Amino acid sequence: MIDDPRAVLALALGDDELVLGHRHSHWTGVAPHLEEDLAFSSIAQDEIGHAVVWYSLAAERTGKDIDAIGLGRPADGYRHAVICEQSNGDWGYTTARHLLYDLAEEVRLEVLAGSAWRQAADATGALRREERYHLIHARAWLSRLANGPAEARARLVAGLEEALPQAVGLFETLPGEEDLLADGTLPVPHVDQLRRWFDVVVTEFQPFGLDDLVDRTLAPASPAGRHGQHSDVFPELWDEMTAMYRADPQARW
Amino acid sequence: MTAATPAPERPADPAEGLRWEVFGRRTASDDWAEVGYLHAPDAEMALLLARDTFFRHEEGVDLAVSRGPDFFPLGQPELLEHATDKSYRLQRGYTGLGAKRRLAAARAAALGAVVQRRRPPDLRVLNEDHR
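Residue numbers (the numbering used here), protein chains in the order written: chain A, 1 to 253; chain B, 1 to 131.
FYI, nobody ran anything at the bench for these hints, they're computed from the structure. Note that this is a predicted model, so its numbers are computed, not measured. Every residue gets a Cβ at the ideal spot worked out from N, C-alpha and C, and that includes glycine. There could be a bad hint or two in this list.
To be verified - Where chain B lies over chain A, by a calculated footprint (3+ residues, C-beta under 8 Å): (1) 6-17; (2) 40-46; (3) 50-61; (4) 228-235.
With the hints as constraints, model all of the structure from the sequences given.
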């Protein structure tokens, strides 16, 4: 089990991206229409590409192979927030999670840009450029569903009601967080990042009359995803996600 | 009620969307060239979807969508740049296949497996029948 605090931070970030990217990829071939199929598949690939960036930092800290870090851990060694592993549900839930996640990305990457861990701070630059597009995409869908026909709005609201309490888990305190705070690796504790995220989400929702959905008293369950504790949908996802790697860990593709 | 401000154009079939012509510029010194079309409910969505439908593989530095006399450039060319490694989307990302195949064959042989058909069958002749 990897327990170096900086490596744990990199795993938490990388696992969020890998697992959510993998879930997003389940829309490939079945998205609402062909063009969106391509767009959402691209976003899935972007997220998995971001996982590679974080895993390369974890590899540096631990001396382990990047594929072994990304795909060679047992299911309870993954540190993503539980929201990332949830099934896609309908397009309303998918859009809600996409938006809430990418808003959380904006908050945490802004914080990490000021990290005393130089390589982590440097990594945020490229990721934020792609996240900008992800947010444009998520907002485009937010406005169209929120202002769309009654059913579109109802499904978006149902998706947000389900995803909001899950999304706070993205800000669960990390094991070893006190060390990360002490040496400036993490300039802002997750509990304060969560407050920033609430502000961002409320601002985002106000124009659509959706801000009443945000309950600022929500707090992350803990121990949960950051401690390797996942919901009962994860083992099947893990099995699928890592099957090819496990079939032949030495293979070069 | 007067018709001073026309209502936004609506597609006949909302599920289908409006048809938009898509244009791109290969390099900064190239003119706009039409690259295809797609369906989207409005210009903003058409621009977003054009990015991933036609410009995922570094096909150009700028894009625009058009409908009748209206021409909408993306205006944010940085959205077309690849910020992280996307070599898997490009042909040049797949090099050294011969060496990888030989390595795989050697490992298969060491395990006692025999590769009887080294390549997938050529389906081009078969597909002729379905044209």
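Hints, one by one, checked against the model:
For the region 6-17 of chain A, the stated coverage by chain B is violated: 0 residues have a C-beta nearer than 8 Å to a C-beta of that chain, whereas at least 3 were required. Look at the region 40-46 of chain A against chain B: 4 of its residues bring a Cβ nearer than 8 Å to a Cβ of that chain, three or more, so the hint holds. Proximity of the region 50-61 of chain A to chain B, defined as three or more residues with a beta carbon under 8 Å from a beta carbon of that chain, is established by the 3 residues found. Look at the region 228-235 of chain A against chain B: 0 of its residues bring a Cβ nearer than 8 Å to a Cβ of that chain, fewer than three, so the hint is violated.
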